[in-house]
Amino acid sequence: MQALKKRLAYLFTSTRGLTLVAISAVSLVTAIWGTLSGPMVEWGIRDITVKVLGMDLTQAAREGRIIMLYHTIAMAILAIEVYFITESVPMKRNQQVMINGIISVGYLTAMIFGLLFGYFGHNYAFHGLFLVGQSLVFFSGILLAAALWPWNKEYYLPQDSPYAKTKKGFDWERAAFFTMAVATLLSATWGAVTGSFWSNGHETFLAEDLIRHPDHTALQKAIIGHLHIMLSLTAVAITLIVGRWLDFKGKLHQWAMPLMNLGIIVLTAGALSVVWLEWAHTIIYGGAVLVMIPALFYVIYSWDKLIKDGTADIEKPTFFQKLAALLRDPLKFGSGWQMVFMNFTVSGVGIFMAVKLDEIFRVWPAREERITLTGHWHILAALIATIILFYYADLSGLKGKVRKWFGWTVIIMSDLAFASATVFSMKRLFVDEFSQQPLVNTTMLAIDFGLGAILVALAIFLVWRLYDLFLKNGEWKKEFMNEKRSNAEAELEEQKRKMEELKATLEEISQ
Amino acid sequence: MKRIFLSLIFIALAATACQPTTNISAITPPYIDTGVDPEAWVTVPAGDFPYGQESHLTSLDYDYQIMVTDVTVSQYAEYLNSALASGDIYSGDFTVEAGEQVWTEKGVGGYYPGDPFQGGRHEEKIKAGDHLFLPFVEGVRLNHSGDVFTPVPEYANHPMTMVTWFGANAYCQYYGGRLPLAAEWEKAARGIKISNDDGLPFPWGEEIHRNNANYYSSFDLFEKMYGKLGNTTPVGFYNGRTYTVDGLTYQTLDSASPYGLYDMAGNVWQWLGDDLPYQHYRYMRGGSFYSYEVDLRVWKENSAGPQFYSPQVGFRCVRYEVK
Chain A
1 MQALKKRLAY LFTSTRGLTL VAISAVSLVT AIWGTLSGPM VEWGIRDITV
51 KVLGMDLTQA AREGRIIMLY HTIAMAILAI EVYFITESVP MKRNQQVMIN
101 GIISVGYLTA MIFGLLFGYF GHNYAFHGLF LVGQSLVFFS GILLAAALWP
151 WNKEYYLPQD SPYAKTKKGF DWERAAFFTM AVATLLSATW GAVTGSFWSN
201 GHETFLAEDL IRHPDHTALQ KAIIGHLHIM LSLTAVAITL IVGRWLDFKG
251 KLHQWAMPLM NLGIIVLTAG ALSVVWLEWA HTIIYGGAVL VMIPALFYVI
301 YSWDKLIKDG TADIEKPTFF QKLAALLRDP LKFGSGWQMV FMNFTVSGVG
351 IFMAVKLDEI FRVWPAREER ITLTGHWHIL AALIATIILF YYADLSGLKG
401 KVRKWFGWTV IIMSDLAFAS ATVFSMKRLF VDEFSQQPLV NTTMLAIDFG
451 LGAILVALAI FLVWRLYDLF LKNGEWKKEF MNEKRSNAEA ELEEQKRKME
501 ELKATLEEIS Q
Chain B
1 MKRIFLSLIF IALAATACQP TTNISAITPP YIDTGVDPEA WVTVPAGDFP
51 YGQESHLTSL DYDYQIMVTD VTVSQYAEYL NSALASGDIY SGDFTVEAGE
101 QVWTEKGVGG YYPGDPFQGG RHEEKIKAGD HLFLPFVEGV RLNHSGDVFT
151 PVPEYANHPM TMVTWFGANA YCQYYGGRLP LAAEWEKAAR GIKISNDDGL
201 PFPWGEEIHR NNANYYSSFD LFEKMYGKLG NTTPVGFYNG RTYTVDGLTY
251 QTLDSASPYG LYDMAGNVWQ WLGDDLPYQH YRYMRGGSFY SYEVDLRVWK
301 ENSAGPQFYS PQVGFRCVRY EVK
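These protein sequence lines are chains A and B, in that order. The first sequence lines up with residues 1 to 511 when you count with the working numbering. The second sequence lines up with residues 1 to 323 when you count with the working numbering.
Chain A extracted, bound-state conformation:
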């Protein structure tokens, strides 16, 4: 009993444990729900899943089910990012505990009951609980924003700090975390308010299905703005998180963080203003550039750091020694590389499409356009997921060959899959319908193979973590003890500071 208690304490009170639970939950959902589409349907696996689990897949409710599924996964991803933030950004221990606790209950409630509602008969009590779960996630977001309050003098940076700050010590990076959290809350509210009109002027839809409709209602535009900005802000959050991980600082940091703050505000304003502004896209482009520049600075900084750290003991490193140093740690290198790769598979494709709008979409049928639309955001979401995995693998203490194998498998296989998906989605540029089948077969196989390899790597990793939980002195224990130690030390510092404050107050009174 005691052993179980200890493990539950690890899983539900430590950053690493909570992240492990969330990643496992997402993996489980992906493994099961992934059998409902794509090649799994062709192979007949979907029918088995549906029969064994007793799913109720009404045809007319498919789009609604998919939206529920997206939301349940998104809640877990938000929770993971919040765990990373509460650990890496300075805040009070009690704030961290409260935020992590509430968001965990929130995403698990939303996930369990959202999926039960969507896939196992429409029990509206479950829908209510799904909303309760999301509300808890939202509430934890408010607590997070409060904990990140950047004007709290306690978190002002010293004058000699290498991090972005004002003359008074205002921390621009903390401000970026705060702005991101507030923008996310605002954007979530945007979606929630629109969703409340459901069956009262608003109907379930997938954005890619109505892209060519001549008129969109304000509610449809609001949803389109909501889904775009939520994914973008998730990307912003992980960029900020890995910046903390690689200790992003110096000149580039000082330029990047004010830009990031501005970019988040402009991007959010642009995405939400699609409801009433015809030229909202211009604002979005501006915001996107402002957000991507800090990401670029992060990549430059992190790669430079990896090279310098890796060649520190060499007096005059050659190009190949520098390259070897850069590629030595796939997890740290990958966090920046995946951002660079995003430009080829997401941003680049998006810009190309925007420039060629009249040339491409007037010639292509809607189904081809839909493939590029769904392709680009699935790739962005998956790239974010890989960066999360890199960071978590590092937190889990992956070392040596295992670290390299895991890291490179995820990088190479994900890039293979995403590059193939991009080629597949843009195929009409260079192959006609008659001749496309060899290309379709090849790219589909590469996509399946790439994603399959990542899932296998992830499964091995998770099985190892599961096995580890059965060990008396496994990694989990070390991680738990380390976290407990650093939390205790931080708490002790906090208590000392509080003691000083109280002593000063007493002295002030006695004078």
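Since the hints were derived computationally from the structure, they do not count as laboratory data. Bear in mind that the values here come from a model prediction, so they are computed numbers and not experimental data. Hints may contain errors.
Dumping the calculated SDA-like pairs for lysine to any residue here, alpha-carbon to alpha-carbon at most 25 Å [stated by the list, open to error]: (1) B:LYS224 x A:MET444; (2) B:LYS106 x A:LEU429; (3) A:LYS221 x B:LYS106.
Please arrange chain B on chain A, whose structure you already have, making use of the hints.
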């Protein structure tokens, strides 16, 4: 470990290289008689029906007739020969415009009076003038000698594909009909039955099975014969019959719509007559042999400019006059 990894990559690449590299036009399936008459029409009576994914009760206050099957290759050949002879259409070079793209194609075409222009953002003018109906390109299942067209025999009763919206519209008008509007098409496809607040998602019922329709990876007879590539099936193929071809036996389910229409899900997308304002894209319904089953649901749509043609797009006609 490294060896296993490299071996896996090699196997994957080898498997890819072994994929058949045929294209649709390289396939010539055997002729299959389905027993369904492509000349048949059915009457859809006036009245309410569930429309769209949310099954909104919608009314059509008139009777209309609709073709039981898609227009076949054989029927289109007859039309071409007749219309060419009467001078309604001609063969030659046609200027094709799509957005900022302009090019010339050889084929058969004729006059279209153009779409009303509202001056909307991104609106493209569909001008009055001569437009391409059918290009002379690979994949058209017609032989022609001068201005006489004959169907490729094996494909005679397959749906006519590679026809632009202009060409489909002209065919229907030539015989006193027109292309169906979205509401007319959907009513004919799903009927009026509502259960649990929803209309039928598929013409034959609530669920789709592989031998209900021709769609991507449905393992139909031609997929069995030619691999995943697939192909069109003869019109009315999914009528409950069992076919035996080249030693392969394939049992179909009777997948007629409540009004007795065939191929309202799968096989080929079907052009609709609606001209949506500000854009002038033309919509299609039904899904095709290239579509996943979700796109076969009766409310799902596809669209393209009226100049678009494809091996997976066909059409059928409606007419007001009940004959």
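These are the hints, each one checked on the structure:
The hinted pair formed by B:LYS224 and A:MET444 meets the criterion: a straight-line CA distance of about 20 Å does not exceed 25 Å. Of the supplied pair hints, the one linking B:LYS106 and A:LEU429 holds, its CA atoms being roughly 21 Å apart against a limit of 25 Å. Distance restraint check for A:LYS221 and B:LYS106: the Cα-Cα separation of roughly 42 Å exceeds the 25 Å cut-off, and the hinted pair is therefore not satisfied.
Hint 3 from the list above is the single one not met by this structure.
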